[in-house]
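Engineer: The residues making up each chain are set out below.
Protein chains: 2
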Amino acid sequence: MLNHQVVLVSRPEGWVTPANFRFQEAAIPSPGPGQVLIQNQWLSLDPYMRGRISEAKSYARSVNIGDVMVGGAVGEVIASNAPKFSVGDTVLAASGWQLFAAMDASAVTPIRTDKVSPSAYLGVLGMPGITAWTGLIDICQPREGETVVVDAASGAVGSVVGQLAKLQGCRVVGIAGGTEKCRYVAQELGFDACIDHRSAHFASELAAALPSGIDCLFENVGGEIFERLLSHMNVSSRIALCGMVSEFNREPYANRTLRSILINRIRIQGFIVSDKLETWPSIRDNLYDLVVQEKLKFRESVTVGLENAPAAFIGLLKGENFGKQLIKLR
Amino acid sequence: MLNHQVVLVSRPEGWVTPANFRFQEAAIPSPGPGQVLIQNQWLSLDPYMRGRISEAKSYARSVNIGDVMVGGAVGEVIASNAPKFSVGDTVLAASGWQLFAAMDASAVTPIRTDKVSPSAYLGVLGMPGITAWTGLIDICQPREGETVVVDAASGAVGSVVGQLAKLQGCRVVGIAGGTEKCRYVAQELGFDACIDHRSAHFASELAAALPSGIDCLFENVGGEIFERLLSHMNVSSRIALCGMVSEFNREPYANRTLRSILINRIRIQGFIVSDKLETWPSIRDNLYDLVVQEKLKFRESVTVGLENAPAAFIGLLKGENFGKQLIKLR
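Quick note, the sequences are listed as chains A and B, same order.
Sequence positions in the first sequence follow my numbering and run 7 to 336.
Sequence positions in the second sequence follow my numbering and run 7 to 336.
Hints may be right or wrong, so weigh each one.
As the list claims (entries may be wrong) - Computed spacing ranges between beta-carbons, pair by pair:
| no. | chain 1 | residue 1 | chain 2 | residue 2 | range |
| --- | --- | --- | --- | --- | --- |
| 1 | A | Val241 | B | Glu257 | 41 to 51 Å |
| 2 | B | Glu313 | A | Ser237 | 48 to 58 Å |
| 3 | A | Gly20 | B | Ala25 | 50 to 60 Å |
Stated by the list, open to error - Sample of chain B residues lacking proximity to chain A, with all beta carbon distances greater than 10 Å (derived):
| no. | residue |
| --- | --- |
| 4 | Gly72 |
| 5 | Ala100 |
| 6 | Val308 |
| 7 | Arg336 |
No wet-lab data here; the hints were simulated from the structure.
C-beta: ideal position from N, C-alpha, C; glycine also.
Excised from the complex, chain A in its bound form (with noise of 0.2 Å):
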C-alpha cells in the first residue's frame, strides 16, 4: 500500500487552478520516536489555505513548491511510539493533504467521538469554530441586545458566530451568496434575518434588515462587502476581522468608507486564531458542550476522494460549497 498525496507545484497568479496541485503516490511513512503513525479520515478544506500557498506576505509561512499541502485531519492512529496514544485511537492534527501521515505525538490532539462526529473536530469543534468564537466573544464581545452582523455566514465560521450570537441575545444579520444559503442561515440556524448578497437590491435589503445599525461585525469577506458593513456601524462598535477572501484573486479592493472608523470610535481587531493556541482547549469545551445539547448546528459539504480536493478547494474560495468543506478519504 501506498501513501496518496496532493503537492502543491506552482502558485496561482488570480484564481487557483487545478494545474497548481500534483497527485502522487509515496511510501507510507514510518513513525519515528514518540510519533504515531495516522491514517487519515477526513481532510479539511478552509479559505486560510488560499494565503499559504502565495508568494506575498500572509500570517503563517507558505507552502513551499513540492511540498505537500497543508490542512488539518483528523484519522485513526495505526501505529504508536508513543505511550500516550494508541492504535485505534481517533485524532486530530495538521496532517496536510495526504492519506497517511507520522506526526509527532505532541503536536496530535485525541478527540472524544461518542456524542459527535469526527468530522466535527474539523468544524464547529476545529479551527473554523474555535475562529469563531474568538472573534465574537473575546473580541467583539457582543452585549444582550446587540446587533451582530456576519459575513459568509452559512460558512463553517459564520454560522457558529451568529449561533453563539443568538445564544447571547443578540440580534443577529447573516450575510450569504445566492437564496438557498440565506433560508438555511434564517430558517434552520435561527439568525434574525440573512441577506443574499448576489441580490439586486442587497443595498436596500440590508439597510433595512439593520434598523438599529451594527454593533459588532465579524467580517469574513471583505471588498464592496465590508465597505458598505462599515457604513451601517453604531457608535463604539468592535470589528473582528478574520478574513477577506473576495480579495484573494483580484487587486486589492478600494475602501471609501474609512472615516467610519473615526466618526463612530470603530475599535477593528485584525485577527488570526492560531496566534493564541492556549485558548484552544477550553474553547472547544465550551463548543462541544453546546453541539452536545443541541445548541449548535452545523452542516457539512462533503467531496469524496483526495484526488478531488484541489476542485473542492477552488470551489470553496468560489463561495460554490454550502457548510463545512470536507474531503472523504475513506
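With chain A held as given, fit chain B onto it using these hints.
Structural biologist: Below, chain B without anything else, positioned relative to chain A:
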C-alpha cells in the same frame, strides 16, 4: 462696549471659505445665576471644527447656521455669580469665537498660570495635548524600543505625541509637510526622523526611516499617507485613529491596503477625546508636570484679532500654520 462674534452663515462645499462666516457685534451678555462672564484672551482653532460645520454626520452635533462658532478659549473672569470663581481668575471654557461669554461655572475650568502661559491650556495642556496622551498612552500603549509614527507631526497634537513617545523610550518618526516643519520636528522636538510628505521621494524616504516597521501609529491625516503607513505596520501593531484631516474637502479616499490589518493582526481604535472627559484632569496634571520640567516643548502660531479667525482657520485646514494655531483677542 460690545461683544464681537463670528457666526456660521453657510456650510462649506469642499474647502471652507471666508464667506461661510460673518463677523457681528452683539450686546455683552449678563451672567445668570451660577454663571461667570468671561472676557476672552486666546481662542483656539482646531481641525475638529471642520467636522462641526458639516451637514454630514460627525462625532459631535453640528454648529447650526446663525450660531456662534464653537471653540475653546482662555480668558479672564470679569463678573461672577458663582462662589467658585472670582473676578480676575484666568479660566478655560468652550466659549466659542467671541470676545465675551457667559458660562455656567460647571463648564469652566480654573487654570494655573504661574509657571506656564495661559495659551498653553489651548494646546499642550488642552484638548490637543490630552488627545495626544489618550491616543498614544492609553490606546497605542507603546513599549520601550518600539517604533512610533505620527503624521501632522509639527502640529498641536502630533508634536506632543512624538515627545511623549520619546519619553517612553521609543524610536519616533514624524511626517510633516515641508522642510521647515520637518527640521523643527527632528531637531527641536527630538524625533529620530521626520519625513516630508511633499517630497518627490516620500515613499522611499519613509521606508528608509522605518527599518523595523511601525508598532504604533497615531493617525491624524488619512488619505494617501494613511494608506502608505498601513503597509508598514508590524504584526500586533496598534493604530490610534484620531483624524483624517486630508479628507475633509474631497471625495473619500479609496484605500487599497486594508489587508494589512488582517495579515498583521492590527488593532485600530477610532477615538474622540471628548468621549472621556473624566480622564482629562489627571492627564492634564501629567502634561503640566512635563511642561514645567521642560520635557515637553510647544510652538504657537498666533494670529491677532477675532476678525481674522476665519482666514486662520482655513490656513490651518491647509497646513499653513506651524504649531498650535491661536487667535489673540486682546
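Engineer: Honestly, which of those hints from before does the structure not fit?
Structural biologist: 1, 2
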